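Chemist: Below, each chain spelled out in residue letters.
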Amino acid sequence: MSDRKPEGVSVQPADSQAEQHLQNGKVVENPWRRLRDFTDARIGLGRAGISLPTSEMLAFQLCHAQARDAVHFPLDVQALCDALSVLPGLPQTPALQLHSQAVDRVSYLQRPDLGRVLDDASREKIIALPSASAAAKSDLAIVIVDGLSSLAVQQNAVAFLSPLLALLQAEKDPWSLAPISVVEQGRVAVGDDIGELLNARAVLLLIGERPGLSSPDSLGLYLTWDAKPGLNDSARNCISNVRPAGLSYAEAARRVLYLLREARRLKLSGVKLKDRTQGDVIEHSGGKNFLVSE
Amino acid sequence: MSQTYRYILGSKTYQFHNLADLMAKATPQRSGDRLAGVIALSAEERAVAQMTLADVPLKTFLNEALVPYEQDEITRLIMDEHDAEAFAPIAHLTVGDFRNWLLSDHATPEVLRAVRWGITPEMAAAVSKIMRNQDLILVAKKCHVTTAFRNTIGLPGHLSTRLQPNHPTDDVNGIAASILDGLLYGNGDAVIGINPATDNVSQAIKLMQLMGEVIEKYEIPTQSCVLTHVTNTIECIEAGAPVDLVFQSIGGTEATNSSFGFNLNTLAEAQEAALSLKRGSVGDNVMYFETGQGSSLSANAHHGLDQQTCEARAYAVARKFKPLLVNTVVGFIGPEYLFDGKEITRAGLEDHFCGKLLGVPMGCDVCYTNHAEADQNDMDNLLTLLGVAGCSFVMGIPGSDDIMLNYQTTSFHDALYVRRVLGSRPAPEFEQWLTRMQIMRDADRHILNDALPEPFARSLKALPGGRA
Numbered sequence: 462m463s464d465r466k467p468e469g470v471s472v473q474p475a476d477s478q479a480e481q482h483l484q485n486g487k488v489v490e491n492p493w494r495r496l497r498d499f500t501d502a503r504i505g506l507g508r509a510g511i512s513l514p515t516s517e518m519l520a521f522q523l524c525h526a527q528a529r530d531a532v533h534f535p536l537d538v539q540a541l542c543d544a545l546s547v548l549p550g551l552p553q554t555p556a557l558q559l560h561s562q563a564v565d566r567v568s569y570l571q572r573p574d575l576g577r578v579l580d581d582a583s584r585e586k587i588i589a590l591p592s593a594s595a596a597a598k599s600d601l602a603i604v605i606v607d608g609l610s611s612l613a614v615q616q617n618a619v620a621f622l623s624p625l626l627a628l629l630q631a632e633k634d635p636w637s638l639a640p641i642s643v644v645e646q647g648r649v650a651v652g653d654d655i656g657e658l659l660n661a662r663a664v665l666l667l668i669g670e671r672p673g674l675s676s677p678d679s680l681g682l683y684l685t686w687d688a689k690p691g692l693n694d695s696a697r698n699c700i701s702n703v704r705p706a707g708l709s710y711a712e713a714a715r716r717v718l719y720l721l722r723e724a725r726r727l728k729l730s731g732v733k734l735k736d737r738t739q740g741d742v743i744e745h746s747g748g749k750n751f752l753v754s755e
Numbered sequence: 290m291s292q293t294y295r296y297i298l299g300s301k302t303y304q305f306h307n308l309a310d311l312m313a314k315a316t317p318q319r320s321g322d323r324l325a326g327v328i329a330l331s332a333e334e335r336a337v338a339q340m341t342l343a344d345v346p347l348k349t350f351l352n353e354a355l356v357p358y359e360q361d362e363i364t365r366l367i368m369d370e371h372d373a374e375a376f377a378p379i380a381h382l383t384v385g386d387f388r389n390w391l392l393s394d395h396a397t398p399e400v401l402r403a404v405r406w407g408i409t410p411e412m413a414a415a416v417s418k419i420m421r422n423q424d425l426i427l428v429a430k431k432c433h434v435t436t437a438f439r440n441t442i443g444l445p446g447h448l449s450t451r452l453q454p455n456h457p458t459d460d461v462n463g464i465a466a467s468i469l470d471g472l473l474y475g476n477g478d479a480v481i482g483i484n485p486a487t488d489n490v491s492q493a494i495k496l497m498q499l500m501g502e503v504i505e506k507y508e509i510p511t512q513s514c515v516l517t518h519v520t521n522t523i524e525c526i527e528a529g530a531p532v533d534l535v536f537q538s539i540g541g542t543e544a545t546n547s548s549f550g551f552n553l554n555t556l557a558e559a560q561e562a563a564l565s566l567k568r569g570s571v572g573d574n575v576m577y578f579e580t581g582q583g584s585s586l587s588a589n590a591h592h593g594l595d596q597q598t599c600e601a602r603a604y605a606v607a608r609k610f611k612p613l614l615v616n617t618v619v620g621f622i623g624p625e626y627l628f629d630g631k632e633i634t635r636a637g638l639e640d641h642f643c644g645k646l647l648g649v650p651m652g653c654d655v656c657y658t659n660h661a662e663a664d665q666n667d668m669d670n671l672l673t674l675l676g677v678a679g680c681s682f683v684m685g686i687p688g689s690d691d692i693m694l695n696y697q698t699t700s701f702h703d704a705l706y707v708r709r710v711l712g713s714r715p716a717p718e719f720e721q722w723l724t725r726m727q728i729m730r731d732a733d734r735h736i737l738n739d740a741l742p743e744p745f746a747r748s749l750k751a752l753p754g755g756r757a
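Chains as they are written, first to last, in the numbering used here: chain L, 462 to 755; chain F, 290 to 757.
Treat the hints as calculated values from the structure; they're not laboratory data. Note that this is a predicted model, so its numbers are computed, not measured. Mixed in with the good hints, there may be bad ones.
[As the list claims (entries may be wrong)] Cβ pair distances, simulated, as ranges:
#1 695/L / 458/F: 18 to 26 Å
#2 567/L / 458/F: 32 to 40 Å
#3 489/F / 711/L: 26 to 34 Å
#4 699/L / 331/F: 38 to 46 Å
#5 705/L / 717/F: 46 to 54 Å
#6 330/F / 542/L: 34 to 42 Å
#7 353/F / 539/L: 54 to 62 Å
#8 733/L / 359/F: 34 to 42 Å
#9 695/L / 359/F: 24 to 32 Å
Backbone N, C-alpha and C define an ideal beta-carbon position, used for all residues, glycine too.
Here chain L stands alone, though its shape is the one from the complex:
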């Protein structure tokens, strides 16, 4: 270190200099952060210069890490099947453990087509079932698929099925259930294979959705009437964002029951089956936003 002071800089006591560095190097906070009452968007983060403050930068990375883990951690199939085996309202047959033609996550991510079809071993497993015959037609096959978030399935599948099965058991017109299936490396259309092989009138598929940064645990529900390979997505009804911080299990179960009844009545699913449990137009706390309300 040189003893010479730069020109034009007054000599100050060390304490005062340190104080100035602290003061001027502080994070600038944003008073409008309280507008987070209106949105989950990451507003009012504050800034170090023009960059993200350390705490916000690290918080973001934690969220991204959780979303990445949700995609890449394999589903604990055994733990899921154990939980299903004691769930009231399911058939006695143990859960069918199935696999798509995508052999691993890398192939799953790059080849959606492989995730849509069962591998040969899985097909044979279903065909070998005594119940999978034309005589044993069932009303509904429930299919659980890892999809893009094992976390969503692990945390929410059983918790959602519990109220749904209770509702189904209380129905006047009973619902016969095919054996439940659990599919690894699967996409939505893999349910079409299973519905056809199990000879079920409808398939309800539970799948881990593409994880969002603030929602790594979102479970999606897809209902398909008369599922068979080659259907496209307009033949399905979807309920999204089932998770503790999103759509509640009870509400999701109520909406699924509505769709199931309507599907059975109309003998179809998809765009022609409207979910009238919620309005089409979104209404809010009245007219003007705060920026123009004065």
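With the hints as your guide, set chain F onto chain L.
Modeler: Leaving out everything else, chain F in the frame of chain L:
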């Protein structure tokens, strides 16, 4: 008409069964071309395809349509509106010569502008396949494309941002909160553009009015857009809504656009309707398009072409309608089309280059999903590269997190970072507004005011429990 291409390498003969096959095999590796089954089967085959492609005369692309003329209105648009006079200076070149010509000192911004309408999307795509990233950056930087509505976008040395205040239920205060955040971080000069949560006409009108009122009250020299289907926007205009820009996602084949529910006539009708409102103050570019590699394959409408060639053809659609902004949403589609940060980066630079070469006001949604092999560092890299290349605009969103579309794009902070390191500036009219509103304390050094500017403080105070 279609010709087989051969290349003899030592004892091996490589054969490419037509021009589309040659283009696909010459494309730098990406997962979407693998998914489509058109990718080169080895690294050597790709390199050989690139050498073979370099020897193809540019004129070939005028004689050999990659999607049949009779079947596709975009092929007809490309062929019918090709400007032979503009093409004359490069008519004698091969694809390989064309790369040299573009990089040469002779190819100044003025010269590149003059040949623009002589270049077809397929020529641009072909030459991009044999260019390295630095070539794509260097030439794109020489292609100046300036457009205007209430401000001027694309001037050399400027980088604009789309303020994207999305909300999962279109809550008006939630949207306004994100708009405020963006404006106070100096973002929003390209457009304030909302992806609506519910896609219907009444919802779109509500959002247009919301943005229109904010722009009017604070006298912001920018424009608004609701990213709803073009036919919805036409209905909004008929209903008297304040439409600044008409939005549509577009693809590079007629079949792709059919799957999106529109054709060239629809776009012409929408452009005319928006022009009739005369809402622009400094220019009349009224269209906003979004594109992205992989959309044609996803719609099963790619005609066996590689995804980058399909993408470049979408720019023929774009430039026909004199857009204010064209945005390649590069990492949104997922890892089955662009697998990782490297593929996303390459695609972003290709799209920006091809767009600019063809005269399109190209911006980029530098983005990724959580199932792609990419992270914030990859986005930092692509953002910086595009900034260097003179990209017209990028997205700006609170903290990079789109809570409606569930993906990550560039943040308000990111835009200020790139402006600071590269010295690039917002649209001039908007920059003056930032200074006048005391949002920027020192525009030359990209320094924000630490205090909350008075007009915005008043609005905050008016809220229940409000304090500035």
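Chemist: Next, verify each hint and record whether it holds.
Modeler: Quick rundown of the hints versus the structure:
For the pair residue 695/L and residue 458/F, the beta carbons lie near 24 Å from each other, so the given range of 18 to 26 Å is met. For residue 567/L and residue 458/F, the hinted distance range of 32 to 40 Å is satisfied, since their beta carbons lie about 36 Å from each other. Checked against the hint of 26 to 34 Å, the C-beta distance between residue 489/F and residue 711/L comes to roughly 28 Å, which is consistent with it. A beta carbon spacing of about 41 Å between residue 699/L and residue 331/F agrees with the range 38 to 46 Å that was offered as a hint.
The hinted range of 46 to 54 Å is satisfied by residue 705/L and residue 717/F, whose Cβ atoms lie roughly 49 Å apart. Between residue 330/F and residue 542/L the CB atoms are about 41 Å apart, so this pair conforms to the stated range of 34 to 42 Å. Checking the proposed 54 to 62 Å range against residue 353/F and residue 539/L shows it holds: the Cβ atoms sit about 57 Å from each other. Remark: the range hint 34 to 42 Å for residue 733/L to residue 359/F is upheld by a beta-carbon distance near 35 Å.
For the hinted restraint 24 to 32 Å between residue 695/L and residue 359/F, the CB-CB distance of approximately 29 Å keeps it satisfied.
The earlier numbered hints are all upheld by this structure, with none contradicted.
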